[in-house]
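Participant: If you read the protein sequences in the order shown, they are chains A and B.
According to the numbering used here, the first sequence holds residues 1 to 349 in order.
According to the numbering used here, the second sequence holds residues 1 to 296 in order.
Since the hints were made in silico from the structure, they are not lab data.
Here the structure is a predicted model, which means the values were calculated and not measured.
Hints are supplied without guarantee of correctness; some may be wrong.
[As the list claims (entries may be wrong)] Selected chain B positions facing chain A (Cβ under 7 Å, derived; list incomplete):
1) Ala97
2) Leu103
3) Gly104
4) Val108
5) Leu115
6) Met273
7) Ile276
8) Val277
9) Leu281
10) Pro284
The beta-carbon is built from N, C-alpha and C at its ideal position, and this holds for glycine as well.
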Amino acid sequence: MRKSRAETDIRRHIALVENRRQWTALAILMALLLLLPHLLRWIGAGGWLMFTNFTLLTVVAVLGLNVITGMCGLISLGHSGFIMLGSYGVAILTVQLGWPFWAALAVSTPATAAVAAIVALPAVRLKGFYVAVVTLAFFFIAQYVFKNLPLAGSFHGLVGVPPPRLFGWKVRTETAWYYLFFAAAVLSVLASANIARSRFGRAFCAVRDNSVTAAGLGIHVGLAKIRAFFLGGLFAGLAGGLWAAYVSVVRLDQFSLWDSIWYVGMIIIGGGGSTAGAVAGVVLLRLLGQILRTATMGGWLPLNSNAVAALTYAVYGLAIVLFAMFQPHGLMAIWGKLRARYKSWPFGV
Amino acid sequence: MTVFLQLFLSGLLLGGVYGLIAMGFVITYRSAGVFNIAYGQFAVLGAFMAWVFLGSPTAPRMPFVPALALTLAAAVVFALAIERFLFRRMIGKPVVASFMLTLGLLAVLHSVVMLVWGARTTAIATPLPKGPLFLGSIVLAREYLLASGLALLLAAGLAAFFRFTRLGLAMRAAYENQTAARCLGVRARRVAQIAWVLCAVIATAGGIIIASVIGVSLLLSELVMVVLAVVLIGGMDSLGGCLVGGLILAVSQQLASYYLNPLLPGVDGIVSMVLIVVILLIRPTGLFGTRAIERV
Chain A
1 MRKSRAETDI RRHIALVENR RQWTALAILM ALLLLLPHLL RWIGAGGWLM FTNFTLLTVV
61 AVLGLNVITG MCGLISLGHS GFIMLGSYGV AILTVQLGWP FWAALAVSTP ATAAVAAIVA
121 LPAVRLKGFY VAVVTLAFFF IAQYVFKNLP LAGSFHGLVG VPPPRLFGWK VRTETAWYYL
181 FFAAAVLSVL ASANIARSRF GRAFCAVRDN SVTAAGLGIH VGLAKIRAFF LGGLFAGLAG
241 GLWAAYVSVV RLDQFSLWDS IWYVGMIIIG GGGSTAGAVA GVVLLRLLGQ ILRTATMGGW
301 LPLNSNAVAA LTYAVYGLAI VLFAMFQPHG LMAIWGKLRA RYKSWPFGV
Chain B
1 MTVFLQLFLS GLLLGGVYGL IAMGFVITYR SAGVFNIAYG QFAVLGAFMA WVFLGSPTAP
61 RMPFVPALAL TLAAAVVFAL AIERFLFRRM IGKPVVASFM LTLGLLAVLH SVVMLVWGAR
121 TTAIATPLPK GPLFLGSIVL AREYLLASGL ALLLAAGLAA FFRFTRLGLA MRAAYENQTA
181 ARCLGVRARR VAQIAWVLCA VIATAGGIII ASVIGVSLLL SELVMVVLAV VLIGGMDSLG
241 GCLVGGLILA VSQQLASYYL NPLLPGVDGI VSMVLIVVIL LIRPTGLFGT RAIERV
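So that you can see chain A by itself, here it is in the shape it has in the complex (with noise of 0.2 Å):
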């Protein structure tokens, strides 16, 4: 909640959208984003819809993450176990038990978080580090389980999860998808937004400065951890359904340690802690991934795709080394010093 002027209305002061300006900045940006697809389309570039669609889902599961690692401060690598969870959730219920997609993913979603809710019992009483390990070891034991469980296909997966109806219609077309994955993206945005300026959203961050002093102020250290992974699993267990009916095969080696390690550089990246943040950390990496595909596959660079997915970690985690040592607090930093000196000029910052 970073206002340009003191406010002594608590409404004024938390409210998400604060005057007509911005009001009228968002509404150009939605119709912007709802018009995506057609204006894709006309300028040629359909093909980068199904970029798109990724990326939103993509932006869903890392304001999950955001909630557990920027807000509260407690590093997850094991966020694309609940992103598994998720999809295998909504692949088992809808492939071998025969639920309808909605169905299953309402189940799915809660069942998720509910897991994420118990990864989170070790971590209540730990710091920083150890609570990396912590999720790092539960990724490999969901990983293990889903490896032996018969129910989950082992190594084949699961294949044939339908397509969600809405209204009558079978989502099938990109721009469909599109459609779906960006309300869901909305929904997502506005209630990382609305948890950030609730009660919870401040005591994840009183936790994260210093969990000592919150302590002292009356918040329960531990519950408020437990309410991260909860509400971080809720997301990661959206996004993994909707992707497992989008790609409609759910198999082990979609989820590896790698994603959990690119989804904490994406909210390293953008800037802890903000809604905004972790969207720009989303679209910059994403859009260097794809990039850096288009580049090689489009013969400018002649390389082989095990060099691609080389290439891909490398340039990742040089941005993840040159933010960790120049810009820790990420491009909401960097942003925020812009708007700064911006707001300033000509005198300095």
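With the hints as your guide, set chain B onto chain A.
Facilitator: This is chain B only, laid out in the frame that chain A set:
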């Protein structure tokens, strides 16, 4: 009974190796305060460098001693470069930032290995004694005998270094309170350099030892999971704890692979993970770690 003894002894040997490798991790944590999650990649890089100089058993390149010397020299250079260019500016920054840096380093090193050497697995030509050793009806791996001996020697050497030499004392002081140590004349840079050099050298040695059994490949980076388990069980700042943690982990793995695998196939792979969760629930600072008292 012999089965149990077999499992226990082979676990003991493997535990020595695990303990040896984990010591490198503990040294960076103790001296530089860095939770180096890229440690597995150090081992992979070291093993591949050794392979470059040593060659495989079917196509050996250099005799062992000069090749090893070259590899260790390369490890030293690598460690000094990392300290100088990456971690020196992180002094004074929050510890989380260093952890993020090692995360990024993990990705970069992994990709470097992938780009240079690809996803191959090759054998490495070391003169470590190979093959099984028969003690009655118990079979032990000869490679690990030497490695365990080396681990004990190294542990003793490091303990002596930290306790009896001035430099060791300086490093311990720098770990406890860097500012106060610098006021007393301890050169923080030198301490950091030594810590990273030790880390890289131990990682390389460990990588070569394990590679002589399972071959040189990117799989060696899985070592970091083992190291994490060992370090958490033993205590993040205890060198002796590494050995104990290594023993506990290795013996548990052997017992699990014999007794539990028929019930739950492949469970010995996640024994380290389960042990991590258990130890973090019961005793987060590890068996021999120092308890941190948190102050506001």
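Participant: Each of the hints needs a verdict: does it hold here or not?
Facilitator: Comparing the hints with the structure gives:
1. Ala97: This hint holds: B:Ala97 lies near chain A, its Cβ roughly 4 Å from the closest one there, short of 7 Å.
2. Leu103: Where the cut-off is 7 Å and the nearest Cβ of chain A is about 6 Å from B:Leu103, the hint holds.
3. Gly104: 3 Å, holds
4. Val108: 4 Å, holds
5. Leu115: It holds, given that the least Cβ distance between B:Leu115 and chain A is near 5 Å, below 7 Å.
6. Met273: This interface hint holds because 4 Å falls under the 7 Å limit.
7. Ile276: Interface hint status for B:Ile276: holds (4 Å vs cutoff 7 Å).
8. Val277: 5 Å, holds
9. Leu281: 5 Å, holds
10. Pro284: 6 Å, holds
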